[in-house]
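> Here are the chains, one letter per residue:
There are 2 protein chains.
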Amino acid sequence: MKLSQVGELPLLEQIRKNFTSKSPDILVSIGDDAAVLKQANQNLLVTTDMMVEGVHFDLHFMTPYQLGFKLVSVNVSDIYAMGGKPHYLLLNIAANRNTPLKFIDIFFDGLKDALNFYNTILIGGDISSTKEGMSVSATLIGYARKYIQRSGAREGDKLYVTGSLGDSACGLELLKRIKRPVPFMKTSNSSQQRATGKGSSLHALNLKTLKGLPWNIIEPLIKRHLMPEARDPKNYVKAATSMIDISDGLQIDLFRLCTESRLGARIYEKSIPVSSELKKAASYLNMSPMKLALSGGEDYELLFTAPAVKKVKAIYIGDVIKSGNIIVDDAGNERIFKPEGYQHFGMKR
Amino acid sequence: MKLSQVGELPLLEQIRKNFTSKSPDILVSIGDDAAVLKQANQNLLVTTDMMVEGVHFDLHFMTPYQLGFKLVSVNVSDIYAMGGKPHYLLLNIAANRNTPLKFIDIFFDGLKDALNFYNTILIGGDISSTKEGMSVSATLIGYARKYIQRSGAREGDKLYVTGSLGDSACGLELLKRIKRPVPFMKTSNSSQQRATGKGSSLHALNLKTLKGLPWNIIEPLIKRHLMPEARDPKNYVKAATSMIDISDGLQIDLFRLCTESRLGARIYEKSIPVSSELKKAASYLNMSPMKLALSGGEDYELLFTAPAVKKVKAIYIGDVIKSGNIIVDDAGNERIFKPEGYQHFGMKR
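Protein sequence lines correspond, in order, to chains A and B. The working numbering applies: residue -11 is where the first sequence begins, and numbers increase by one. The working numbering applies: residue -11 is where the second sequence begins, and numbers increase by one.
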């Protein structure tokens, strides 16, 4: 049997079963967005996430700057999803020996701008050559006084998300058609010139393939994919009973939250936030915006639950119920949702 | 300019320069075996190390069990080299979707046996598919009351190593000739059968290519390469002023220690510990055992300095001097040593 016949979720489940150790200092172990270790004064959070060329990123339409920025964002998102604050980052980078030094410099520009953006410090790492494509990973250490697990939802809690969904997946579809990097970056004087380079300004982009779709529709969507910004949970930590970041898609991540909380959810399509840009671009691409919002990954919004009595400044999308995973469409029809979204090794079920 | 024209050390130096941040909680940052963070009661150590197929390991002569075991050892070695004790491990694994599930299971057997061996707990990680070869990395968290940096050596200190050098490099040379896996493992009833499998016992090994070299010479050398065991520093922590693990070779790692301490070293070839197995196998292979001991990597012995007045139960190999990196041969001739040993991107200088 091959990994492709098993899939990521069952594999993770097996690892979790085989490796869960009880220790009074381990408050949260395998199976949440980050591990939580008990410290004298607060809780230490640790998470790690990798990005593999050809799987997580395609250098045909992503700049090294964006790769560096995004690597930090996806890890910060995991610390945020535990209700924590990021502090220290370790970086692993495996690159082909023929990689231009400039590529690496620009990657580090993006990494640095993201570290500054999230107020996080690089404290170590490892560099290796590789015979093939590039892969990068980071480990992020953070702290939280109150940490929020996936498993804390209670029946009757309301379900919230922090922003519009599907934009990143739609942005990826657009990038696949643009077929070249779009040099967005967080403004940083030091690195601006180096990363933008000559002749690669936005105006020079050849967008023939997306004729008729205005740039002000395209831009926010592809930006969302190339340089996602993780959502700080500070305004929700007090009220939240459970939390997860939407990295693989609303359905799969909500399914994970429900599974950990041993409860179900009923969400309403009419409440799922979909941006006007997504609606327009999806229509142009002949895709369903709702499908992108429900199963598209990499939006890095937070999904959380809070008691119905609490006032929460986030977007209400449904409720925690005793069991079942239900989506209600605009006509009021109910259907069951499955853990659809991105899974490694392409599990089919 | 390409990475191969720059080399690993200058690249690391550049990153260190660009990213060193001052913060009262960061006691040690980029540039040592692990980062050290100040906690309420003790010091938190964090390190990360990766192993890339085709660069760090070759599955033609390494079993997945050994890969799992070694990944833990190389990370533990970094925590030990700071004078610490390992506690928690995070794992990243990127594998091709066609990887057999059994391969992954056996990898995890090796990982588990190593975790038990070093009294360390897996608390999280990330799994990804990859289009190409496998790569794995781990981040290890440990603690130390007294931590030992590379930079603490003082003029007049004595230099020590904890065991024989060159065995691993010689083992690798033998494995390249054996050209097939040798299924050593740490005895563990649960995983023994699965990892050894049918018909792959040691006796079944075809060693025609090493005719005339007895198995009791070969075995300890290839074992040293396939399943290195990190050296616990507990008996040296009190006396040590500086410490590093020998992962890339004595010369390069001693050079690193000297550079960080802004001092030099004089070491004596006659004092460098070389095993009798290495002498015999090197002679068989027509290689210099001293060259293997001086520049062969992956022995994972500790190299440390301690004041001359302290009694230290380790192998004395030389002295810390004001400046210069000097090797004295058996005839008393001095020569300068350079940072020779393994470097990624194959720097030439």
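What the hints contain is simulated information worked out from the structure, not anything from laboratory work. Do not rely on the hints blindly, as some may be mistaken.
The list makes no distinction among identical chains, and a pair is therefore deemed to hold if it is satisfied within one copy or across any two copies.
[As the list claims (entries may be wrong)] In silico DMTMM-like pairs for lysine to aspartate or glutamate, Cα to Cα no more than 20 Å straight-line:
1. LYS26 - ASP13
2. LYS119 - GLU(-4)
3. LYS119 - ASP46
4. LYS226 - ASP318
5. LYS10 - ASP317
6. LYS90 - GLU(-4)
7. LYS326 - ASP307
8. LYS279 - GLU161
9. LYS222 - GLU1
10. LYS174 - GLU1
11. LYS211 - GLU322
12. LYS167 - GLU328
13. LYS310 - GLU143
14. LYS90 - GLU1
15. LYS(-10) - GLU120
16. LYS5 - ASP93
17. LYS119 - ASP220
18. LYS199 - GLU120
19. LYS(-10) - ASP93
20. LYS90 - GLU248
> Could you run down the list of hints and mark each one as holding or not?
Consistency of the hints with the structure:
Taking identical chains as interchangeable, the C-alpha atoms of LYS26 and ASP13 lie at most 20 Å apart whether they share a chain (5 Å) or sit on different chains (18 Å). In the homo-oligomer, the alpha carbons of LYS119 and GLU(-4) lie at most 20 Å apart only across protomers (15 Å), although the nearest pairing inside one protomer, at 25 Å, exceeds that limit. With identical chains, the CA atoms of LYS119 and ASP46 are at most 20 Å apart both within one copy (17 Å) and between copies (12 Å). When the C-alpha separation of LYS226 and ASP318 is checked against a cutoff of 20 Å, the pair qualifies neither within a copy, at 32 Å, nor between copies, at 70 Å.
For a Cα distance limit of 20 Å, the shortest separation of LYS10 from ASP317 qualifies neither inside one copy, at 43 Å, nor across copies, at 53 Å. Taking CA atoms no more than 20 Å apart as the test, LYS90 paired with GLU(-4) passes between copies only; the shortest distance there is 15 Å, against 35 Å inside one copy. When the C-alpha separation of LYS326 and ASP307 is checked against a cutoff of 20 Å, the pair qualifies only within one copy, where the shortest distance is 17 Å, while the shortest distance between copies is 66 Å. Taking identical chains as interchangeable, the C-alpha atoms of LYS279 and GLU161 lie at most 20 Å apart only when both belong to the same chain, with a minimum of 13 Å there against 55 Å between chains.
Taking identical chains as interchangeable, the C-alpha atoms of LYS222 and GLU1 are never at most 20 Å apart, the minima being 30 Å within one chain and 36 Å between chains. For the identical chains of this complex, LYS174 and GLU1 are neighbours neither inside a copy (38 Å) nor across copies (25 Å), given an alpha-carbon limit of 20 Å. For the homomeric pair LYS211 and GLU322, neither the shortest alpha-carbon distance inside one copy (34 Å) nor that between copies (60 Å) is at most 20 Å. Taking the shortest alpha-carbon separations for LYS167 and GLU328, neither the intra-copy value of 26 Å nor the inter-copy value of 43 Å comes in at or below 20 Å.
Taking identical chains as interchangeable, the C-alpha atoms of LYS310 and GLU143 lie at most 20 Å apart only when both belong to the same chain, with a minimum of 6 Å there against 70 Å between chains. Within a single copy, LYS90 and GLU1 get their C-alpha atoms only as close as 41 Å, which misses the 20 Å cut-off; across copies the closest is 16 Å, which meets it. For a Cα distance limit of 20 Å, the shortest separation of LYS(-10) from GLU120 across copies, 15 Å, qualifies, whereas the shortest one inside one copy, 22 Å, does not. When the C-alpha separation of LYS5 and ASP93 is checked against a cutoff of 20 Å, the pair qualifies only between copies, where the shortest distance is 13 Å, while the shortest distance within a copy is 41 Å.
Taking CA atoms no more than 20 Å apart as the test, LYS119 paired with ASP220 passes in neither setting, with 38 Å inside one copy and 33 Å between copies. With identical chains, the CA atoms of LYS199 and GLU120 are never at most 20 Å apart, being 36 Å at best within one copy and 36 Å at best between copies. Taking the closest pair of Cα atoms, LYS(-10) and ASP93 come within 20 Å of each other only across two copies (11 Å); inside a single copy the shortest separation is 38 Å, beyond that limit. With identical chains, the CA atoms of LYS90 and GLU248 are never at most 20 Å apart, being 44 Å at best within one copy and 27 Å at best between copies.
Consistency with the previously given hints fails for numbers 4, 5, 9, 10, 11, 12, 17, 18 and 20, ordered from lowest to highest.
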